[in-house]
Amino acid sequence: MADPTTTRRSGQSGDDLRPTGAGPGRSTSDMHGGEQAANIDGRELDVALPGHLRALATRLTAAFEMLEASGFRDELTLLAPAERIVELLTFCRDEPDIRCELLADLSGVHWPAGKRTESAQETTGWPSYEFGDEAGRIEVDYVLYSLTHGHRFRIRVELPDVDPMMPTVTGVYGAANFMEREVYDFFGVQFQGHPNLVRILMPDAWEGFPLRKDYPLGGVDVQYKGATIPPPDQRHY
Amino acid sequence: MSETRTPASSGAGWQDAGEPANGRRLTPAVPSEHTVVGGDWQELPNAVEDDLMVINMGPQHPSTHGVLRMLLTLNGETVVDNQAVIGYLHTGIEKNTEYRPWVQGVTYVTRMDYLSPLFNELAYCLAVEKLLGIADDVPPRAQAIRVMLTELQRISSHLVWLATSGMELGSTTAMIFGFREREGILDFLEYVTGLRMNHAYIRPGGLAMDLPEGFQGRVRTLLTTMAKRIDEFEDLLTENPIWIERNKGVGVLSAEQCLDLGVTGPVLRSAGVAHDLRKSHPYCGFEQYDFDVITTDTADAYGRYQLRLGEMRQSLSIVRQALDNLPETPVMVADRKIGWPAQLGLGPDGIGNTKEYVGKIMGQSMEALIHHFKLVTEGFTVPPGQVYVAVESPRGELGYHVTSSGTNKPYRVKVRDPSFIHIGTLPAVTHGLSVSDVIAAVASLDPVMGGVDR
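Going line by line, the protein sequences match chains A and B. Under my numbering, the first residue of the first sequence carries the number 6, and numbering increases by one thereafter. Under my numbering, the first residue of the second sequence carries the number 3, and numbering increases by one thereafter.
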């Protein structure tokens with residue numbers, strides 16, 4: 006599995022700064038023992054997960070072998086396959102010791118294909134950043150929250166950015182109705198089985214999915230006393 | 003609930019003309035030749051069971067709490083279905099933040115939920131601080147001022163809710179009172195931040211500037227008057243028969259429905275669930291403050307009204323506690339690579355860089371000028387990763403799901419706005435109500451369309 010947030014500082018090739026994604030070489034058996042249970046290779050986490058989240062990760066990966074757990078800033082992320090999301094969320098909602106009553110958030114992030122350099126600051130010596138993989142991905146993140154136990158964690162599903170499709174979870178959480186419509190509206194993810202998957206914030210006839218990274222911000226040059234300021238998405242600062 | 007209207011019986015008073023309803027006879031039993039018997043239009047849809055009407059309510063409607071459009075499917079006067087159409091205020095703030103340095107994001111997110119801008123700033127800044135790993139380094143004074151100002155803003159937001167709900171239900175006195183009291187808080191916020199709304203006062207790492215001289219007296223005056231004014235509202239509305247009639251039993255959402263639909267905040271607490279992020283996941287040192295989580299168990303619009311009044315009183319108490327124990331520390335993290343370099347001060351022409359600071363960077367220290375220039379133009383970089391931070395806004399859980407790819411700009415800022423989630427509950431909240439009750443039900447959810455559409 007390609008890593009979602011692989012980021013390399015120029016001049017530090019090979020030194021992956023992977024805080025949230027699951028590493029390719031990691032096996033789920035790491036979860037079952039050792040105090041660094043949710044740690045991938047001991048280097049990527051700057052803080053270990055708190056005990057209750059580590060126990061939760063162990064519990065969930067025991068029930069669902071294919072989950073890949075990772076931690077960053079005291080937050081647990083579980084990478085799950087799209088086709089089992091309904092089963093997984095139902096489990097998280099109904100198991101007494103997990104009991105996530107609330108689907109707190111559902112969001113998407115687009116990681117387009119191809120290497121891309123961000124914010125190269127040649128003149129100032131600030132580092133350039135390169136990221137991206139061969140295939141573009143859309144991450145769909147479910148944030149679950151349990152009022153009973155007070156824990157919060159993230160379940161992540163990765164989809165190809167060409168024709169992304171996954172099952173709807175409106176049958177598990179009613180709140181997913183609007184949230185999935187929003188992800189569809191902005192990223193074009195088709196939630197199969199959604200009762201009313203239409204645009205929600207953009208106009209009905211809108212073309213394209215605006216929060217994808219290949220969708221430009223738009224804007225026009227601003228002229229002021231003869232000088233021209235480029236639109237925000239073409240500025241370099 | 004005995005005297006209140008349930009959704010099934012709501013609006014049914016006119017359905018069976020001639021039958022005694024609520025002890026009153028709606029049409030004279032024996033029409034005389036001098037009595038004009040009009041009956042009621044409800045007889046027509048009653049006669050034809052599936053004769054449904056689809057009515058557009060909004061987006062330009064004075065009672066829909068903003069540019070909200072509801073597609074009401076009506077059976078006579080009774081709501082069968084209610085589909086919310088939103089997006090009229092969508093301005094692409096989430097997309098815009100991806101093209102600006104991290105600090106500038108504050109000025110964008112503060113324009114989302116325009117009744118609680120400081121909460122947006124706070125949640126965004128907490129997320130950025132968490133990504134930076136400096137969450138524990140923010141000075142205690144900055145945290146206390148954040149608590150103080152956001153709690154004042156919670157009061158002002160609830161006052162606007164009270165004002166607009168009152169207006170929508172015909173109580174213009176409540177509207178005038180509500181907006182008047184809110185002005186007092188806005189004046190104070192203007193005095194502290196320079197702006198009545200969209201303050202951009204909370205910054206990643208702390209605050210834009212410290213509180214001005216003499217704020218103590220002003221806050222204490224505000225607290226004293228506000229406590230009296232809340233009592234006035236209590237006198238005005240709590241026992242008011244019209245207010246009770248319009249609100250009791252309207253817009254019922256049970257705890258199970260709330261949780262399934264993702265509802266948080268006052269609406270969830272009105273169903274008896276004592277869930278408050280300030281208690282369960284304290285941020286900004288909320289664990290130091292002594293306050294109660296107000297709940298009611300009526301789960302209706304009237305319960306939400308009582309609950310919000312109680313919350314305003316709790317907020318006053320929190321502000322008082324914050325004021326009494328205000329630590330004397332800086333208001334920005336010590337890390338000079340993150341803290342905004344400029345020293346702001348109040349000059350004759352408003353807030354700006356202080357004279358001393360401008361003199362230093364322009365006349366004495368070239369390094370300081372370079373530092374200032376780089377931090378202001380490029381900003382700081384944030385380690386790659388993704389965090390979710392939630393705060394308890396006046397409407398519920400306001401979550402910021404922020405992704406960084408390691409650059410000086412956010413990679414993605416997703417806002418989980420409670421109003422957006424609550425609009426999704428409209429079919430459940432308004433089912434079976436009459437059209438006039440829809441207004442009270444929507445008002446009790448307190449959606450802010452700027453936050454819904456973002």
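A portion of the hints provided could be inaccurate.
Unchecked claim - Pulled a few chain B residues facing chain A out of the computed Cβ check, cut under 10 Å:
hint	residue
1	LYS416
2	PHE422
3	ALA430
4	ASP455
Unchecked claim - Just some of the chain B residues that point at chain A, by a computed CB distance under 7 Å:
hint	residue
5	HIS92
6	GLY264
7	ILE353
8	HIS403
Keep in mind that the hints were calculated from the coordinates and are not lab data. Every residue gets a Cβ at the ideal spot worked out from N, C-alpha and C, and that includes glycine.
>> Tell me if the interface restraint on B/PHE422 is satisfied: Cβ within less than 10 Å of some Cβ in chain A.
In response: holds, 7 Å
> Can we keep the B/ASP455 interface hint, with Cβ of chain A closer than 10 Å?
Replying inline: Cβ of B/ASP455 sits 6 Å from chain A, so the hint holds.
> Does the interface hint hold: is B/LYS416 within less than 10 Å of chain A, judged Cβ to Cβ?
Replying inline: B/LYS416 check passes; min Cβ-Cβ to chain A is 4 Å, inside 10 Å.
>> Quick check on B/HIS92 please, does its C-beta sit within 7 Å of some C-beta on chain A?
In response: holds, 4 Å
>> Less than 7 Å between beta-carbons is the criterion; does B/ILE353 satisfy it with respect to chain A?
In response: violated, 24 Å
> Given B/GLY264 as an interface hint, is the shortest Cβ-Cβ distance to chain A below 7 Å?
Replying inline: holds, 3 Å
> Should the interface hint for B/HIS403 be scored as holding, given a Cβ-Cβ cut-off of 7 Å against chain A?
Replying inline: Because about 5 Å separates B/HIS403 from the closest Cβ in chain A, which is inside the 7 Å limit, the hint holds.
>> Would the hint on B/ALA430 be counted as holding, given a Cβ-Cβ threshold of 10 Å to chain A?
In response: Hint on B/ALA430: holds, closest Cβ of chain A at ~8 Å, below 10 Å.
In summary, the one numbered hint that this structure violates is 7.
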